[in-house]
Amino acid sequence: LAKTTQPISMDSYEGQEVNITCSHNNIATNDYITWYQQFPSQGPRFIIQGYKTKVTNEVASLFIPADRKSSTLSLPRVSLSDTAVYYCLVGGPTTGFQKLVFGTGTRLLVSP
Amino acid sequence: DTAVSQTPKYLVTQMGNDKSIKCEQNLGHDTMYWYKQDSKKFLKIMFSYNNKELIINETVPNRFSPKSPDKAHLNLHINSLELGDSAVYFCASSQDFPALAGGTDTQYFGPGTRLTVL
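Residue numbers (this note's numbering), protein chains in the order written: chain A, 91 to 202; chain B, 627 to 744.
Quick caveat, the hints were computed from the structure, so don't treat them as lab data.
Please note that the accuracy of each hint is not assured.
Here are the in silico distance ranges between beta carbons for each label pair [said to hold, decoys possible]:
| id | chain 1 | residue 1 | chain 2 | residue 2 | range |
| --- | --- | --- | --- | --- | --- |
| 1 | A | T146 | B | G642 | 48 to 56 Å |
| 2 | B | K670 | A | S131 | 17 to 25 Å |
| 3 | A | Q132 | B | N677 | 26 to 34 Å |
| 4 | A | Q132 | B | N652 | 35 to 43 Å |
| 5 | B | K678 | A | S131 | 29 to 37 Å |
| 6 | A | N109 | B | K666 | 42 to 50 Å |
| 7 | B | K667 | A | P202 | 22 to 30 Å |
| 8 | B | K667 | A | S201 | 36 to 44 Å |
25 Å max Cα-Cα, derived DSS-like pairs, lysine-lysine [as the list claims (entries may be wrong)]:
| id | chain 1 | residue 1 | chain 2 | residue 2 |
| --- | --- | --- | --- | --- |
| 9 | B | K645 | A | K93 |
| 10 | A | K93 | B | K667 |
| 11 | A | K144 | A | K159 |
| 12 | B | K697 | B | K670 |
| 13 | B | K678 | B | K666 |
| 14 | B | K697 | B | K666 |
| 15 | B | K693 | B | K670 |
| 16 | B | K693 | A | K159 |
| 17 | B | K662 | A | K93 |
| 18 | B | K645 | B | K697 |
| 19 | B | K635 | B | K645 |
| 20 | B | K666 | A | K93 |
| 21 | B | K697 | B | K667 |
| 22 | B | K662 | B | K645 |
| 23 | B | K678 | B | K645 |
Just so we're clear, the structure is a prediction, and the values are computed from it rather than from any experiment.
For each residue, glycine too, the CB sits at the ideal point set by N, CA and C.
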């Protein structure tokens with residue numbers, strides 16, 4: 091199983107860059123890395139997905155080193171509205187539904 | 627327009643009762659899921675349906691029975707409710723079942739149904 095490990099919580103201030111790292115030492119060759127964001131009283135929302143190197147979209151960047159045993163979600167210039175729980179998921183066609191284990195997530199608190 | 631909707635949003639009921647939660651998606655997706663998020667905020671998959679067929683059935687008591695009348699709907703019926711069933715239940719959908727699609731397909735989640743069993 092490609093289990094993931096993330097920090098339980100992180101604190102930041104508005105305007106700062108936040109980097110959340112996820113460890114996935116047992117990632118399989120065909121596994122992708124996906125990050126979701128969950129606000130209180132809402133369902134998780136897809137943020138970004140990648141396989142290797144770097145992926146960037148309008149919301150975040152995802153950095154994946156060559157060994158793919160970890161990944162870092164980077165949120166540029168966070169605002170108060172980025173306060174949420176961030177989940178890292180790993181999985182693909184070989185691991186099947188195991189990817190659907192969300193884990194504990196990282197609770198990000200952004201302060202003024 | 628709401629992509630994935632669930633009803634009801636809140637459900638308060640007594641132990642031993644039977645209740646249903648409904649889910650509908652208007653995204654044209656082939657796969658739908660039910661998740662349970664407990665008080666510790668762990669989000670665990672319960673069921674997944676692909677084209678109305680059960681694909682995933684995690685270790686869930688058989689008091690929980692999903693029903694998919696068509697691709698756009700996945701309802702969850704719970705018999706003989708217990709205190710431990712209190713949680714938030716999320717429905718989700720994706721275009722293709724991730725294990726079949728060769729990657730991980732983005733899942734779209736509903737707003738959740740907060741079930742409280744007294």
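Results of checking the hints against the structure:
no.	hint	verdict
1	A:T146 <-> B:G642: 48 to 56 Å	52 Å, holds
2	B:K670 <-> A:S131: 17 to 25 Å	18 Å, holds
3	A:Q132 <-> B:N677: 26 to 34 Å	28 Å, holds
4	A:Q132 <-> B:N652: 35 to 43 Å	18 Å, violated
5	B:K678 <-> A:S131: 29 to 37 Å	30 Å, holds
6	A:N109 <-> B:K666: 42 to 50 Å	25 Å, violated
7	B:K667 <-> A:P202: 22 to 30 Å	25 Å, holds
8	B:K667 <-> A:S201: 36 to 44 Å	21 Å, violated
9	B:K645 <-> A:K93	34 Å, violated
10	A:K93 <-> B:K667	17 Å, holds
11	A:K144 <-> A:K159	14 Å, holds
12	B:K697 <-> B:K670	22 Å, holds
13	B:K678 <-> B:K666	31 Å, violated
14	B:K697 <-> B:K666	31 Å, violated
15	B:K693 <-> B:K670	19 Å, holds
16	B:K693 <-> A:K159	38 Å, violated
17	B:K662 <-> A:K93	19 Å, holds
18	B:K645 <-> B:K697	22 Å, holds
19	B:K635 <-> B:K645	13 Å, holds
20	B:K666 <-> A:K93	18 Å, holds
21	B:K697 <-> B:K667	28 Å, violated
22	B:K662 <-> B:K645	15 Å, holds
23	B:K678 <-> B:K645	21 Å, holds
In this structure, the earlier hints numbered 4, 6, 8, 9, 13, 14, 16 and 21 are contradicted, and the remaining ones agree with it.
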